[in-house]
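Put together the whole structure using the sequences plus the hints.
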Amino acid sequence: MFTVGQLRCGAGPFLCDQLAASLADRPEAVVVVCDVSAADRPTPADLDHLARLRTTARRMGCDLVLRGASPRLRLLLALTGLEEGFGYGDDASDPGGVGGQPRRQVP
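With the working numbering applied, the sequence shown corresponds to residues 1 to 107, in that order.
Errors might be hidden in some of the hints.
[What the hints assert, rightly or not] Label-pair ranges, simulated between beta-carbon atoms:
(1) 55 with 79: 18 to 24 Å
(2) 59 with 80: 18 to 24 Å
(3) 28 with 79: 34 to 40 Å
(4) 27 with 78: 29 to 35 Å
(5) 55 with 28: 17 to 23 Å
(6) 18 with 71: 26 to 32 Å
(7) 71 with 25: 31 to 37 Å
(8) 81 with 28: 28 to 34 Å
(9) 18 with 44: 18 to 24 Å
(10) 24 with 72: 31 to 37 Å
(11) 11 with 80: 17 to 23 Å
Hints listed in this document are in silico derivations from the structure and should not be mistaken for laboratory results.
Each residue gets a CB set at the ideal place from its N, CA and C atoms; glycine is no exception.
This is the structure in structure tokens:
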């Protein structure tokens, strides 16, 4: 599972490298769950990180699901037009995964 909180600007490439390495070790993964619950006051840098992670996940053949997204983060994603590429889920309300796909968490 990936965790994204308040990160400094420019950390996106580092996060993407970590995600790509984790997915390379798990070719069966179809969904990446990204815990964003620590991003209670999202910044433009956080949106950049999420967009980069989404692109990396897609290049590796996976969907990116945000778990614990605050209403503020969801609103910012909607206002910037970025929300279309993300799924939302949490273990309590979506036990089966997203879109019928099994949920695979990437450490």
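Starting from the range 17 to 23 Å, see whether the pair residue 55 and residue 28 falls in it by beta-carbon distance.
Since the Cβ atoms of residue 55 and residue 28 sit about 21 Å apart, the hinted range of 17 to 23 Å holds.
Can you let me know if the beta-carbon spacing of residue 71 and residue 25 is within 31 to 37 Å?
holds, 34 Å
Pairwise beta carbon distance, residue 18 to residue 71, judged against the given window 26 to 32 Å
Roughly 27 Å apart at Cβ, these two residues keep to the hinted range, so it holds.
Hint check for residue 79 and residue 28 - Cβ pair distance inside 34 to 40 Å
Taking Cβ atoms as reference, residue 28 and residue 79 lie about 35 Å apart, which means the hint holds.
Hint check for residue 80 and residue 59 - Cβ pair distance inside 18 to 24 Å
With Cβ atoms ~21 Å apart, the hint holds.
Cβ distance range 17 to 23 Å for residue 11 and residue 80, holds or violated
This hint holds: roughly 19 Å between Cβ atoms.
Please test the hint of 18 to 24 Å on the beta carbon pair from residue 18 and residue 44.
Given about 21 Å between the Cβ atoms, the range holds.
Return holds or violated for the Cβ distance of residue 24 and residue 72 against the range 31 to 37 Å.
Given about 33 Å between the Cβ atoms, the range holds.
Is 18 to 24 Å respected by the C-beta to C-beta distance linking residue 55 and residue 79?
holds, 20 Å
The hint says 28 to 34 Å between residue 81 and residue 28; measuring C-beta to C-beta, is that right?
holds, 31 Å
Distance restraint hint 29 to 35 Å, applied to the beta-carbon atoms of residue 27 and residue 78:
holds, 33 Å
Checked against the numbered hints above, the structure violates none of them.
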